[in-house]
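Starting from the structure of chain A, add chain B where the hints point.
One-letter residues, chain by chain:
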Amino acid sequence: GAGVSQSPSNKVTEKGKDVELRCDPISGHTALYWYRQSLGQGLEFLIYFQGNSAPDKSGLPSDRFSAERTGGSVSTLTIQRTQQEDSAVYLCASSSRTSGYEQYFGPGTRLTVT
Amino acid sequence: QKEVEQNSGPLSVPEGAIASLNCTYSDRGSQSFFWYRQYSGKSPELIMFIYSNGDKEDGRFTAQLNKASQYVSLLIRDSQPSDSATYLCAALNSGGSNYKLTFGKGTLLTVNP
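Top line first, the protein sequences correspond to chains A and B. The numbering of the first sequence is this note's numbering, which starts it at 2 and goes up by one. The numbering of the second sequence is this note's numbering, which starts it at 64 and goes up by one.
Listed next, the in silico SDA-like pairs over lysine to any residue satisfying Cα-Cα at most 20 angstroms (straight line):
1) B:Lys168 <-> A:Ser39
2) B:Lys105 <-> A:Glu45
3) A:Lys58 <-> A:Val20
4) A:Lys58 <-> B:Asn156
5) B:Lys65 <-> A:Phe46
6) B:Lys168 <-> A:Tyr105
7) A:Lys12 <-> B:Lys105
8) B:Lys119 <-> B:Asn85
Just so you know, these hints were derived from the structure itself, not from any lab.
Next up, chain A with everything else stripped away, as it sits in the complex (with noise of 0.2 angstroms):
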């Protein structure tokens, strides 16, 4: 079946502009988690959501930085006024309970601010 895809694959904006990066999970998976990954970087927890709950927010690192989940499906990751420390490679996963909640991972969006 499909696996999780994730639009753009790579997006260059001017610092200051909002991007919105879009993921969308493997049909079934009620938790969806973006991260980011900094060059030759590990990968930082942002946002986790499962199912109707409330997301984890915790990983967010500033109020610049917002997502949603809409019909428990697509989520969009939105970044206000860009700055250079944004760029970064914006990985999605999806996992589900039955499959023991190993995560599968979006090939990611490059994001360039410049």
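Same frame as chain A, but now just chain B:
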């Protein structure tokens, strides 16, 4: 603070050797553990998961779990240059309805032909 620790490496092994990747975790309540492989410029790919003490084998890969020592390892037999990648260890958080994974920073493995 729940943590997963890995040696960043690089770990360099010759082709055909056994590569041993190690990981420790702080959350004693963690029940499930995952190994991911990440090639440069690509997203992490799940290799194996383990939740019972002991060994779990899948082809050339063996995951080992010792809950008493809070230690997880991944052995790669007959290492190939194509195994060269960063290997991420992750632990499933325990407690409540929180199903986040805590990831280590990864170990870079280089297999030399």
